[in-house]
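Engineer: These protein sequence lines map, in sequence, to chains A and B.
Be aware that the first sequence starts at 9, since it is given in my numbering, and climbs by one per residue.
Be aware that the second sequence starts at -6, since it is given in my numbering, and climbs by one per residue.
Hints are computed from structural coordinates only; laboratory data are not their basis.
Only a predicted model underlies this, so the values are computations on that prediction, with no experimental measurement involved.
Backbone N, C-alpha and C fix where the C-beta goes; we use that ideal spot for every residue, glycine too.
Since no wrong hints were added, every one of them can be taken at face value.
Here are the simulated SDA-like pairs of lysine to any residue, each with C-alpha atoms no more than 20 Å apart in a straight line:
1) Lys26(B) - Asp8(B)
2) Lys67(B) - Pro119(A)
3) Lys29(B) - Val429(A)
4) Lys118(B) - Glu525(A)
Computed footprint of chain A on chain B, listed as stretches where at least three residues anywhere in the stretch have a Cβ under 8 Å from a Cβ of chain A:
5) 44 to 51
6) 80 to 88
7) 114 to 123
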Amino acid sequence: MEKGSRQKRLHSQTLHFIFLDSYPLNIYFAFMTIELVILFTALILVAGVGMSKVSERFGIPVLLLFLGIGMLAGSEGPGGIYFDNAQWAQALGTIALAFILFAGGLDTDVPSIARVIKPALSLSTAGVLITAVVTGVCVKFTLDFSWLTSFLIGSIVSSTDAAAVFAVLRSKNVGLKEPLRPLLELESGSNDPMAVFLTLGFIELIRNPSQPVWTLIPLFFQQMLIGLLLGFLLGRVFIYLVNRINLDFEGLYPVLCVAWVLLVYGLTAALRGSGFLAVYIAGLVLSSRSFSHKKSLVRFQDGMAWLMQIFMFFTLGLLVFPSELAAVAGQGFFLSLVVMLVSRPAAVFLSLLFSHLSIREKHLISWVGLRGSVPIVLATFPLLAGLDANHSIFNLIFFTVITSVLFQGTTIPPFARLTGVDEPFVKQRRYPIDFEKSEELDMQLVDLFVPYGSAVAGEPILNLSFPKESLITLISRGEKYIMPSGATVLQEGDVLLILGNRESLAAAQALLEKPKEKPKPSSAA
Amino acid sequence: MRLLDYLAPNLVFLDLTGKDKNDVITKVVHLMKQQKAIDDEKNFLQEVFQREKLGCTAIGGNVAIPHARTRTVKNIVIAFARLTPGVDFCAMDQEPIRLLFLLGTPMEAVGDYLKVLAKLSKLLKDGANRNRLIQAGSAEEIYAILEELELQAD
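Let the sequences and hints guide you as you build the complete structure.
Structural biologist: Set out below in structure tokens:
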């Protein structure tokens, strides 16, 4: 009986995500007219978009620049906006994270993560726990916090953000060797639910000191299983719906998709599952299957994720008071050193003990444990729970994240080179002509050789009886592409890109393989 | 575009043989895996076989260029194997294959892929070039010959 009520209390914390008490918005816009507010919002977004160019140029993670805009706009910067409402910041952060995680899942190349699923899950569960515990122990013995608060701090900083990493790598034209890229991507997408869970769990333990730690274990399974199940099911339902619904207006599909992200998050959280896990899984499900309007939806959700990132970091930047950061600079610097040099390496090496990754690869994974937006959003939880009256935890986390991003984010390219796991970054160039196989059309694009000594060599295409249901779309010869016409003369060694169905391709291949008749020796006549 | 950017020296194999086409391709793919040029041996093999079903990649003059688009590589990868004795493929001229270039290319990227195929087939059109490769004494020599041939062609 008693156990039940404890669990209920823990859940009510989870529900904070969706049912916000009505709270006054403390932005002091009083002197502003609505026109100025609109103008101001536009400027923030334009600045955010512009910052991506700055980030690309100098290899500074874009997250830092967005935060910077928020800090400049704040009451201590030239913007002068006073904002200290952690509840609004947390609500916005939660919604933003749901969209960002959904887009992250949607953007994942599912077949490529299939091979890294074991090490990634190990990192995102055991790895997160080890990071939280080791950080907690270090905090307890060096800074002035209680055991549980130390573990709470450890939990808050326990998830990583790989998106920031890949942006930096792209701007420096560095790629990572297989299987590091999909591994890090999957890890950073799937470790947030665990970090959220641990944070809420320790907050609950601090509030109810009598509650034994083990009660978190069944709750863990409940949250993750419900999240997994609902994410998967609702993802499938969405595909079914989009394929069937046949809306009159193209523009309504993105609306449905936005609604679906909120639905997946809201329903899962209301049923006491992990909403973040559910949206990520739903994104993966959508990414792994083809359905109508997929391309436009993926692009739209990518835009949504960017919009959310800019707003979220801007708000978090507003929420912090830079002058207060100086007070925690020493502690923050220490904490980020602990995370970078002690707990992240410990988590990586312990949770990957049984993997086939090399030592060098593990070193790189350790260094790519960048802390991103999630710790800052999670740092608002103790604020709201009344456990962080003077913002010392929030400021500490904020400082730690900035140090980690600044330090690790900018040193990853040389570090990758040093550990020998880098490779030249391959720009995604398209196949010269591409053709997506679809169910209604049994056609594919195949490259066929003109063999040496083939009868078709030396003949213009017009004279050759290529099967009716085939089309030579492109000829690759030496280092040139040739647009074929009837008059184009084929040569030995040409590569023909032919569109056709199974039968016509087989017939085309047979035609190409017909040998040139050898001139009969004249003596035979 | 340089062919040798895609063909690493550790992917030149001499004096391989096998009982038939599939056997040889399987062996070369396995060697590529051993050299860490590819990740997913099984899938890549299947993809190569699938392409082979659509039409033989033996182009005559003892040369075959089996290839496939695959997820297991991030950039074009070429492996070279000299087969001794030669192995019967499905060549139009019915000559056994001695010079085998096996090629993997990423799914979405790289227009270079068709150019690589065409450049290889152009370099090997000349019987003298093929003979030099067949008679070379070592992997280093083969690499040097390919380098020279490519320079001449440019």
